[in-house]
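Q: One line per chain: the protein sequences are A and B, in this order. Per the numbering used here: the first sequence = residues 92 to 577. Per the numbering used here: the second sequence = residues -15 to 621.
It is worth saying that the hints were derived from the structure and are not from the lab. Hints may contain errors.
[Unchecked claim] Derived list of chain B stretches under chain A, where covered just means 3 residues or more per stretch with a C-beta under 8 Å from a C-beta of chain A: (1) 46 to 60; (2) 315 to 325; (3) 437 to 449.
[Unchecked claim] Result set (BS3-like, lysine-lysine): computed pairs, CA atoms no more than 30 Å apart in a straight line: (4) B:K12 - A:K447; (5) B:K582 - A:K249; (6) B:K565 - A:K445; (7) B:K148 - A:K545; (8) A:K443 - B:K146; (9) A:K443 - B:K147; (10) B:K148 - B:K582; (11) A:K545 - B:K582.
Every residue gets a Cβ at the ideal spot worked out from N, C-alpha and C, and that includes glycine.
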Amino acid sequence: MSIIYLIILAIAVGIFTFAIHKSNTSLAAWLALAVSTVGVGITALLCRIVVRGNDGDVLDQRFDWLPDLGASFATHVNGMSAALCLLASICFVLIILSTINKNIEKPNSFYGLLLLSFAGLIGVFIAWDAMLFYIFWELALIPVYFLCSMWGGENRIKVSFKFFIYTFVGSLLMLIGLIYMYNKTPNHSFSYAAFAQLKDVLTAAEQQGLFWMLFIAFAIKMPIFPLHTWQPATYSQSITPVTMVLSAIMVKMGLFAVVRWLNPILPEAGHTFSTVIMALCVIGIVYASLLAMVQSNIKKLVAYSSIAHIGLMCAALFSFNDIGIIGAGVQMFSHGINIIGMWILVYFIETKFKTKDMNQMGGMAALNPTFAIFLVVITLANVALPLTNGFIGEFMMFNGIFNAKYLNGNTYNVLFTVLAGLGIILGAVYSLGMVQKVAFGDVKDNSLTKENTKFTNFEFVALCIVTILVIIFGFYPQPIIDLVKI
Amino acid sequence: MSQYIYLVPLFPLIGFLIAGLGRNVLGKTLLGWIPSMAVLASFVVSLLIFRDVQHMDPEHASVVVQIYNFFHVGNFSVNFSFQVDQLSTLFLLIITGIGFLIHVYSIGYMSHDEGFGKYFAYLNLFVFNMLLLVLGSNYIIMFIGWEGVGLCSYLLIGFWYKKKEYCNAAKKAFIMNRIGDLGFLIAVFLIISRFGTTEFSEVFRSQAGIVANGPFILAVTLCLFIGATGKSAQLPLFTWLPDAMAGPTPVSALIHAATMVTAGVYMIVRSNILFTIAPVTQHIILMVGLATALIAATIATRQNDIKKVLAYSTVSQLGFMFMAIGVGAYTAAVFHVITHAFFKALLFLGSGSVIHGMSGEQDIRMMGGLKDKMKTTYYTFLIGCIAIAGIPPLSGFFSKDEIMMHLFTNGAYGKVFWALGMIAAFMTAFYMFRLLFITFFGKFRGTHEQEHHVHESPALMTMPLIVLAILSIGGGLIGVPEVFGLGEHWLKEWLEPILLKSELAHIYINELSHRGELLLMAIAVIIAFLGIILAWSVYKNYDAKKQNKGIAKFLEDKWLFDEAYDNAIVKPTFAAANVLKTNVEEQVIDGAVNGVGKLLHAASNRLRYLQSGMVGFYLFIMVAGIIALAILLFFIH
């Protein structure tokens, strides 16, 4: 069973849902749920194959595609990509569960676009050809761009425009960089193998220039300070299920591209600039954490907290320390699960309180105690409390930063660790502040009762899945470590 | 028996799950007694293991029991494993023993609370984490427990979550602990980068190659100590503990007096060899401990909330323990942890009994004359006060005396530290008896309704008081100094295997003769009595209406630490964050982006593609991009 079938399935069903008649409002959701559930099965099998490491045929595939251009439809699955494919599938199941019975407008196009972006994302994680990678990169993006501009708040057009500017600049830089590199390959090929040899062909100056072109493209996606301002705006304007796609999976595209493409292909430049990039990352951690502290809009708070988390992962990737990089992989997975949980809760309360302003919220613990339990557990996972899934990854990443290889002097190791460590403390400040404002205190909105603040069964199931994953991988993180280290 | 060590934390974990999941289903009887029995079961197992350790071959003084491999990556591996030895079993007994008593007490104390099941679930979760903390055989497992108890402390301080100030107190405790935890984490990274492991046995074996007082060991020990200041409420991270009194009183007794706050002491004693080869750190610990003991004691003399007095007293007593660590008297530190656990748990539970009898009143200005109305509470509270004041032969006397003795003989300035320590001891006797006299003597000053209502607490609450009172009286027997001719100092012998290396490395200038030792004891007792007499003369006829002025007001306001932190750290941080938000984020960074956006907008406006919304434009760019790509490729070929 190849993962390519999953991509084809998602695209086919996605296109089919556009054709479903308007009167049928729930079929699309169930189809999307079915596809993503199948996805969980396939990607879980894939993970098993990767860990066993004995079935090269499934993991590597290659079809002729555009032979004249030197581009082929080549895919390669390693631990990190299998983990992210699994993550994407689990996340789409959770996202769709959280949307059922929520009366989303134009449901057929909505779920169709979701499935298309799912296909694109899976493609990004498995592509083994630069051209294919670029195409999937855009394929994942375009549906999300539509999702952002067609559903969401009043300012969505303006905000989507900003999102677009960033993405456009990023994609353009990446495209130019890729074409330049393609030109330098000995036999004009987009294949990964050809790109991997470039480090012997390109001059140092070329490598450094290309490094920045690609890094900026990826950094925008993550996002890394100071290229991040599209994110809080987009997160707060798009409807929450779309925010989930963006924050749980799409940001991982940038990180994944760094591990899979940027650092192996241009290693020298990565070493040279690791100090600068890690500095940007840790500045971003502190900066985003500080901004998260002063947000009253709950979606913006989660957005900034996400920027801080991603900054840490990126810093760990540029530590060029094995434990740090594996830690980043573990955390990519855990962060995806946890932030989905967080968004489901945010989605729930913004609908109940009919506002995103946390100062208008309060007392949810009294109305819906289960909500408070989920919120506290997921928040603790977000602040990386031990025995939640957030801990091990963060621990390994800090260890990586502390032992980062290519920094200009040991003082930076300590400095970066301490600065990133500030993120731990500030993380507790804004996370617990958020829990307090949302769940504790008195109920301010009198229209809320125990009856109308219940979870739907679907939400409840989704949150249970998240909580179980948080605890299982908190106590026993080894399976993820074993997976991503391959 | 040691291989069954996993049962000790397992019982409370099961209790947590039962109470947590069944909190709406099970009745109050079950919800209270199942968790209590879980802790009792742990206590019984601990006792059996303790007996085993007693007969253990001193050569193989510790048994490490691996539960499972927590994780491994490359050469770095962390086991979820427990270390059974003299130190950990001692703490097991304290945690589960006192934990059990406090669980039973809570059944009475919390009987009217709607969050009854939740309370017991949290309490059992706390015991579980505390057991992980002391049982862990490496720094990672210890850290898991370390953060876990912090979480439970957070949950229990903010137990009555509808009150905003309680939630703030909970948050403050968690954040201040996290500051310390960062220190702990960095120490762990240092240890990993040097030793490649965090397993205690291996780290302590490898210490031989380290330069004493070198930068590495100083960094490790200082970072660990920062962790300890957070958890054990030492300067400068102590202000969360008094606020933590927002939680239910049994919680204050268990977490914020007897067990969790002594975790810092435990951690340092566990790592004693590292600290012994870092005398500079020890000296800093001594200073911090002394300053904390003195400052907290002065604050305690002017507090009017019964629990706040006890909270500052706890901070001050913890300061004593750190002073002991600072002079390398690890046995004395552990000794004081144990006796303090007895009498401070007793005092807190006694104050809980008073609060319960007074229908929730905590202000001692509203109390008075309770000794006739609450006899058991009064007598047990009195015993606690005598014990903490250091009157022989109660337990506090022996442990405090041992600390003082070591201060006195420690180097050239030892006598100065001893004298300052005595001042703190004097204040201890004074503020405790001030509390006793104001609360239990004189006339009742509360409302009529309260007076009518005052009653002795039920047996479920007084029985633990009596048990703890007995322990407070007799607890000192585990460490009677040899000068009394009653044989060896049991605790010292017991901890010998743990502290062996430190004792070899650390040579006391112990020049005290037996006469000198007895003389110092006599002075200490006289000073304690002076404190009591002073309290009696000032507070036997207490006038609640008198306002504090000058220094007294300054002490009542807790040296304005909270205000200082607020103005120096919290407010500036938020102000800076707001500047970043409005100026940097919105104007500088976003301004630049929007500038680029406007440029593009202007360029594309001519093409009128924007009219149909951004989607079309985007698609256009995509198509154009692909065409451009094709053209490029065409030229290449």
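Q: Give a verdict on every hint.
A: Structure-based check of each hint:
1. With 8 residues carrying a beta carbon less than 8 Å from a beta carbon of chain A, the segment 46 to 60 of chain B meets the three-residue requirement, and the given coverage holds.
2. Figure legend: the segment 315 to 325 of chain B, annotated as covered by chain A; annotation inconsistent (0 residues with Cβ-Cβ distances under 8 Å, at least 3 required).
3. Coverage of a stretch by a chain is defined here by at least three residues with a beta carbon nearer than 8 Å to that chain's beta carbons; for the segment 437 to 449 of chain B and chain A the count is 0, and the condition is violated.
4. Proximity of B:K12 to A:K447 is assessed by CA-CA distance (about 39 Å); at most 30 Å being required, the pair is judged violated.
5. Pair hint B:K582 plus A:K249 holds up; C-alpha atoms about 12 Å apart against a cutoff of 30 Å.
6. Distance restraint check for B:K565 and A:K445: the Cα-Cα separation of roughly 25 Å lies within the 30 Å cut-off, and the hinted pair is therefore satisfied.
7. Annotation: proposed proximity of B:K148 to A:K545 holds, straight-line Cα distance about 24 Å (limit 30 Å).
8. Annotation: proposed proximity of A:K443 to B:K146 holds, straight-line Cα distance about 19 Å (limit 30 Å).
9. Note on A:K443 and B:K147: the hinted pairing holds, with a Cα-Cα distance of about 22 Å set against a maximum of 30 Å.
10. This hinted pair does not check out: B:K148 and B:K582 have alpha carbons roughly 46 Å apart, beyond 30 Å.
11. With a C-alpha separation of about 45 Å, the suggested pair A:K545 and B:K582 falls outside the 30 Å cut-off, and the hint is violated.
Violated hints for the displayed structure, listed by number in ascending order: 2, 3, 4, 10 and 11.
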